Amino acid sequence: EDKVVQSPLSLVVHEGDTVTLNCSYEVTNFRSLLWYKQEKKAPTFLFMLTSSGIEKKSGRLSSILDKKELFSILNITATQTGDSAVYLCAVGTQGGSEKLVFGKGTKLTVNP
Amino acid sequence: NAGVTQTPKFQVLKTGQSMTLQCAQDMNHEYMSWYRQDPGMGLRLIHYSVGAGITDQGEVPNGYNVSRSTTEDFPLRLLSAAPSQTSVYFCASRQGTSYNSPLHFGNGTRLTVT
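Chains as they are written, first to last, in the working numbering: chain E, 1 to 112; chain H, 1 to 114.
Just so you know, the hints here were simulated from the structure itself, not pulled from any lab data.
Nothing here was measured: the structure is a model prediction, and the numbers come from that model.
All residues carry an ideal CB built from backbone N, CA and C; glycine is no exception.
Mixed in with the good hints, there may be bad ones.
Unchecked claim - Rough simulated footprint, nothing fancy, chain H against chain E, three-plus residues with beta-carbon under 8 Å:
#: 1; stretch: 37-50
#: 2; stretch: 80-87
#: 3; stretch: 100-111
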């Protein structure tokens, strides 16, 4: 059974801290790994990773994929209260039954 | 640019009632899908469609029906609501049919079944 596991499940930090969120996976026929940020409503897309070792970066957020060890990390530097959200990791599979398998998310709270 | 639009935002049903959750996208996306999100469970795929006239089941399809008569619309029908269907429902779409493009989500419908 395909599985995506995120850790930690929740995290509380102070503004300015750097955080690392983890996502490990076990799926057949890996195609891509995606990170989403979910505040009150719809998840919003952050990154898509398909190749190992290539960092994707957007402002203070960055992410990297390790296809050998089957995990990805999402780093947020100099956190701000606006970074408070649930961060979702999802893995897309390819083949006869293409699907996107989501982890349960990491709830990040950034206190002023 | 509306993106993915879901209606209603909130709904309360009694057990046994039926209803349709509406989803429309204006991005000409081929792929559309419905997820439910429950505390501690993550997002789970209910049904999906890779184009007009084509639908398939996801991970948790029981109790739900879908149809895709146009590219833009993908309604989700609850035939006989049950308390276990209390959840937040998200519609999502993407360009193409493979996971090399990201899903775009609607703002969700919060459904309570009493």
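Status of the hints after comparison with the structure:
no.	hint	in the structure
1	37-50	holds (count 7)
2	80-87	violated (count 0)
3	100-111	holds (count 5)
Checked against the numbered hints above, the structure breaks only hint 2 and satisfies the rest.
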